[in-house]
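Numbering (this note's numbering), first residue to last: 106 to 292.
If you're looking for bench data, these hints aren't it; they were derived computationally from the structure. Note that the structure is a prediction, hence the values are computed from the model and not measured. Every residue, glycine too, gets a C-beta built ideally from N, C-alpha and C. One should not assume that every hint holds.
To be verified - PhoX-like cross-link-like pairs, simulated, lysine-lysine; straight-line CA separation at most 25 Å:
1) Lys147 x Lys266
2) Lys266 x Lys255
3) Lys141 x Lys266
4) Lys255 x Lys238
5) Lys238 x Lys259
6) Lys266 x Lys238
7) Lys146 x Lys238
8) Lys266 x Lys146
9) Lys147 x Lys238
10) Lys259 x Lys141
Stated by the list, open to error - Here are the computed distance ranges between Cβ atoms for each label pair:
11) Ala161 x Arg224: 16 to 24 Å
12) Ile181 x Lys147: 18 to 26 Å
13) Gly244 x Ala150: 29 to 37 Å
14) Gly144 x Arg219: 39 to 47 Å
15) Arg224 x Ala150: 44 to 52 Å
16) Ser119 x Asn200: 33 to 41 Å
17) Gly207 x Pro169: 19 to 27 Å
18) Asp170 x Glu226: 28 to 36 Å
19) Ala150 x Glu220: 41 to 49 Å
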Amino acid sequence: DCFFVQVHVLRDPSLHNRPVAVQQHDDVIAANHSAKALGVKKHMAPHVARRLLEAAGGRLVHVPDDGRPPRTSYRIYREASEGVEDALRAAIEGNSQVLERGHGMDEWFVDATRECDGRLERGAELAGLLRQKVRETCGITLSVGVAHNKFVAKLVASCHKPDGLTVAFPTGTQLPGWHSQHHDPSN
Numbered sequence: 106d107c108f109f110v111q112v113h114v115l116r117d118p119s120l121h122n123r124p125v126a127v128q129q130h131d132d133v134i135a136a137n138h139s140a141k142a143l144g145v146k147k148h149m150a151p152h153v154a155r156r157l158l159e160a161a162g163g164r165l166v167h168v169p170d171d172g173r174p175p176r177t178s179y180r181i182y183r184e185a186s187e188g189v190e191d192a193l194r195a196a197i198e199g200n201s202q203v204l205e206r207g208h209g210m211d212e213w214f215v216d217a218t219r220e221c222d223g224r225l226e227r228g229a230e231l232a233g234l235l236r237q238k239v240r241e242t243c244g245i246t247l248s249v250g251v252a253h254n255k256f257v258a259k260l261v262a263s264c265h266k267p268d269g270l271t272v273a274f275p276t277g278t279q280l281p282g283w284h285s286q287h288h289d290p291s292n
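Turn these sequences into a full structure, and let the hints steer you where they fit.
Right, dumping it as structure tokens:
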């Protein structure tokens, strides 16, 4: 959920509930949902993003400069990422769940297959508890996908951003109290 922006908002609470984007060198690398609603996008020219943001009371923030080549420091993001990972590890400690880091510093996978016994509704309950733990511990929201495999979970995690939980039930599954949408690409 706009991890890089969330890190800046945690460091500067005046950015809370404002459109914010993050610039690195001559590139916008992240934007929160308020900024995206204004038309700010990744890889946009920073001067264009700044104009859009400032017109709406938002701000373009920079990846910190540590003074050494390449003159940017991901330290604040790494520390926040380690905090999220620590919170996730603490939440699953003593269970049969396995935590695995994804491809970026803002992505993790929790394999709860044994814990959930293949029941996705139980996986959704666990995912909700993990999201709550991270929010309480780190102040960071997560969007989570729950599915029978990692690939589908990653795809559906982006369906309900920000701070969402999406469960990908197999086609035709009907559970009381649950609603899942299915798109048939052949139609």
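Cross-check of the supplied hints:
{"no.": "1", "hint": "Lys147 x Lys266", "in the structure": "holds (16 Å)"}
{"no.": "2", "hint": "Lys266 x Lys255", "in the structure": "holds (18 Å)"}
{"no.": "3", "hint": "Lys141 x Lys266", "in the structure": "holds (12 Å)"}
{"no.": "4", "hint": "Lys255 x Lys238", "in the structure": "holds (21 Å)"}
{"no.": "5", "hint": "Lys238 x Lys259", "in the structure": "holds (20 Å)"}
{"no.": "6", "hint": "Lys266 x Lys238", "in the structure": "holds (18 Å)"}
{"no.": "7", "hint": "Lys146 x Lys238", "in the structure": "violated (30 Å)"}
{"no.": "8", "hint": "Lys266 x Lys146", "in the structure": "holds (16 Å)"}
{"no.": "9", "hint": "Lys147 x Lys238", "in the structure": "violated (29 Å)"}
{"no.": "10", "hint": "Lys259 x Lys141", "in the structure": "holds (21 Å)"}
{"no.": "11", "hint": "Ala161 x Arg224: 16 to 24 Å", "in the structure": "violated (44 Å)"}
{"no.": "12", "hint": "Ile181 x Lys147: 18 to 26 Å", "in the structure": "holds (19 Å)"}
{"no.": "13", "hint": "Gly244 x Ala150: 29 to 37 Å", "in the structure": "holds (31 Å)"}
{"no.": "14", "hint": "Gly144 x Arg219: 39 to 47 Å", "in the structure": "holds (45 Å)"}
{"no.": "15", "hint": "Arg224 x Ala150: 44 to 52 Å", "in the structure": "holds (48 Å)"}
{"no.": "16", "hint": "Ser119 x Asn200: 33 to 41 Å", "in the structure": "holds (39 Å)"}
{"no.": "17", "hint": "Gly207 x Pro169: 19 to 27 Å", "in the structure": "holds (23 Å)"}
{"no.": "18", "hint": "Asp170 x Glu226: 28 to 36 Å", "in the structure": "violated (47 Å)"}
{"no.": "19", "hint": "Ala150 x Glu220: 41 to 49 Å", "in the structure": "holds (46 Å)"}
In this structure, the earlier hints numbered 7, 9, 11 and 18 are contradicted, and the remaining ones agree with it.
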